[in-house]
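Generate coordinates for the entire structure from the input sequences, incorporating the hints supplied.
Chains as they are written, first to last, in this note's numbering: chain G, 1 to 113; chain Y, 1 to 110.
Hint data in this document are derived by calculation from the structure and do not stem from the laboratory. Only a predicted model underlies this, so the values are computations on that prediction, with no experimental measurement involved. Every residue gets a Cβ at the ideal spot worked out from N, C-alpha and C, and that includes glycine. Fair warning: there could be bad hints in the mix.
[What the hints assert, rightly or not] The following residues of chain G were derived to be distant from chain Y, with all beta-carbon distances above 12 angstroms:
| id | residue |
| --- | --- |
| 1 | K18 |
| 2 | E62 |
| 3 | S94 |
[As the list claims (entries may be wrong)] Here are the simulated DSS-like pairs of lysine-lysine, each with C-alpha atoms no more than 30 angstroms apart in a straight line:
| id | chain 1 | residue 1 | chain 2 | residue 2 |
| --- | --- | --- | --- | --- |
| 4 | G | K55 | Y | K57 |
| 5 | G | K3 | G | K70 |
| 6 | Y | K97 | G | K3 |
| 7 | Y | K97 | Y | K57 |
| 8 | G | K53 | Y | K97 |
| 9 | G | K3 | Y | K57 |
| 10 | Y | K97 | G | K70 |
| 11 | G | K71 | Y | K109 |
| 12 | G | K55 | G | K3 |
| 13 | G | K70 | G | K55 |
| 14 | Y | K70 | Y | K56 |
| 15 | G | K57 | Y | K70 |
| 16 | G | K71 | Y | K59 |
| 17 | G | K13 | G | K53 |
| 18 | G | K13 | G | K57 |
| 19 | G | K18 | Y | K97 |
| 20 | Y | K97 | G | K57 |
| 21 | Y | K56 | G | K13 |
| 22 | Y | K109 | Y | K57 |
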Amino acid sequence: DVKVTQSSRYLVKRTGEKVFLECVQDMDHENMFWYRQDPGLGLRLIYFSYDVKMKEKGDIPEGYSVSREKKERFSLILESASTNQTSMYLCASSLLVGTDTQYFGPGTRLTVL
Amino acid sequence: TQLLEQSPQFLSIQEGENLTVYCNSSSVFSSLQWYRQEPGEGPVLLVTVVTGGEVKKLKRLTFQFGDARKDSSLHITAAQPGDTGLYLCAGALYGNKLVFGAGTILRVKS
Numbered sequence: 001d002v003k004v005t006q007s008s009r010y011l012v013k014r015t016g017e018k019v020f021l022e023c024v025q026d027m028d029h030e031n032m033f034w035y036r037q038d039p040g041l042g043l044r045l046i047y048f049s050y051d052v053k054m055k056e057k058g059d060i061p062e063g064y065s066v067s068r069e070k071k072e073r074f075s076l077i078l079e080s081a082s083t084n085q086t087s088m089y090l091c092a093s094s095l096l097v098g099t100d101t102q103y104f105g106p107g108t109r110l111t112v113l
Numbered sequence: 001t002q003l004l005e006q007s008p009q010f011l012s013i014q015e016g017e018n019l020t021v022y023c024n025s026s027s028v029f030s031s032l033q034w035y036r037q038e039p040g041e042g043p044v045l046l047v048t049v050v051t052g053g054e055v056k057k058l059k060r061l062t063f064q065f066g067d068a069r070k071d072s073s074l075h076i077t078a079a080q081p082g083d084t085g086l087y088l089c090a091g092a093l094y095g096n097k098l099v100f101g102a103g104t105i106l107r108v109k110s
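Right, here's the structure in full:
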């Protein structure tokens, strides 16, 4: 079974702090994704990566950056956290882009005070 | 506005009832996926439909892709408390990305 793990289930940070969210997948998938999930808005794509050191902006990249130094690890960085970044963050991976199944981690609920 | 509109947003029913969740768009998708998400977990894929008009069954769940590949439905027969969760549809636009609907929260009471 594919396993996608995220470094924290819950995080509380203060406005202006730098925040790192880590995601690791164990199935040698090429593609990894970061989404945020908010009530009534569904999942919105922040960034995705289709290869090591490659990244593409999603629909809402502002205020975020990502890093993929190793194939299995994809990090989401909030350079200066703001209260409007309080959300559930979901990481996913897939073997192929587009129609392929995405495997999700359990999510990190981030609260920015 | 959402590219994929799901309805209803929330559904609370008694065990044994039937229900249908709808996913609609003005865009054409190369395929459409349905995911189910339980509290505290990430979404898990239930099914992918690819061909216009396609119907797939997964035990008591029936999924249909519209003929024009712009809409889909999920029908649950004789709902069980274990069906409780958030149901998400996700359309694959020609190219790469998946676009998710806002989801339908289903609560099945025993």
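For each hint, the structure was consulted:
At roughly 25 angstroms, the least C-beta separation between K18 (chain G) and chain Y is larger than 12 angstroms, which holds for a residue marked as non-interface. With a least CB separation of 17 angstroms from chain Y, E62 (chain G) remains clear of the 12 angstroms interface cut-off, as annotated. Annotated as non-interface, S94 (chain G) brings its C-beta within 12 angstroms of a C-beta of chain Y; the closest such distance is 9 angstroms. Using a Cα cut-off of 30 angstroms, the hinted pair K55 (chain G) and K57 (chain Y) is violated, with the two alpha carbons roughly 36 angstroms apart.
For the proposed pair K3 (chain G) and K70 (chain G), the alpha carbon gap of about 16 angstroms is at most 30 angstroms, so the pair holds. This hinted pair checks out: K97 (chain Y) and K3 (chain G) have alpha carbons roughly 21 angstroms apart, not beyond 30 angstroms. Restraint check for K97 (chain Y) and K57 (chain Y): the C-alpha separation of about 25 angstroms stays at or below 30 angstroms, so the hint holds. Taken as a hint, the K53 (chain G) and K97 (chain Y) pair is honoured in the structure, with Cα atoms around 19 angstroms apart against an allowance of 30 angstroms.
The hinted pair formed by K3 (chain G) and K57 (chain Y) meets the criterion: a straight-line CA distance of about 26 angstroms does not exceed 30 angstroms. Distance restraint check for K97 (chain Y) and K70 (chain G): the Cα-Cα separation of roughly 22 angstroms lies within the 30 angstroms cut-off, and the hinted pair is therefore satisfied. In summary, the hint linking K71 (chain G) to K109 (chain Y) is not supported, as the alpha carbons are separated by about 43 angstroms, beyond the 30 angstroms threshold. Note on K55 (chain G) and K3 (chain G): the hinted pairing holds, with a Cα-Cα distance of about 22 angstroms set against a maximum of 30 angstroms.
A hinted pair counts as satisfied when its Cα atoms are at most 30 angstroms apart, and K70 (chain G) with K55 (chain G) qualifies at roughly 13 angstroms. Restraint check for K70 (chain Y) and K56 (chain Y): satisfied, since their Cα atoms lie roughly 17 angstroms apart, inside the 30 angstroms limit. Only pairs whose Cα atoms come within 30 angstroms are accepted, and K57 (chain G) paired with K70 (chain Y) is accepted, the gap being roughly 25 angstroms. Of the supplied pair hints, the one linking K71 (chain G) and K59 (chain Y) is violated, its CA atoms being roughly 36 angstroms apart against a limit of 30 angstroms.
A C-alpha spacing of about 27 angstroms is found between K13 (chain G) and K53 (chain G), which places the hinted pair at or below 30 angstroms, so the restraint holds. Distance restraint check for K13 (chain G) and K57 (chain G): the Cα-Cα separation of roughly 24 angstroms lies within the 30 angstroms cut-off, and the hinted pair is therefore satisfied. Distance check on the hinted pair: K18 (chain G) and K97 (chain Y) sit about 28 angstroms apart at the alpha-carbon level, within 30 angstroms; holds. Only pairs whose Cα atoms come within 30 angstroms are accepted, and K97 (chain Y) paired with K57 (chain G) is accepted, the gap being roughly 11 angstroms.
A hinted pair counts as satisfied when its Cα atoms are at most 30 angstroms apart, and K56 (chain Y) with K13 (chain G) does not qualify at roughly 44 angstroms. Restraint check: the Cα-Cα separation between K109 (chain Y) and K57 (chain Y) comes to about 23 angstroms, which is no more than 30 angstroms; the hinted pair holds.
Of the numbered hints given earlier, the model fails hints 3, 4, 11, 16 and 21; all others are met.
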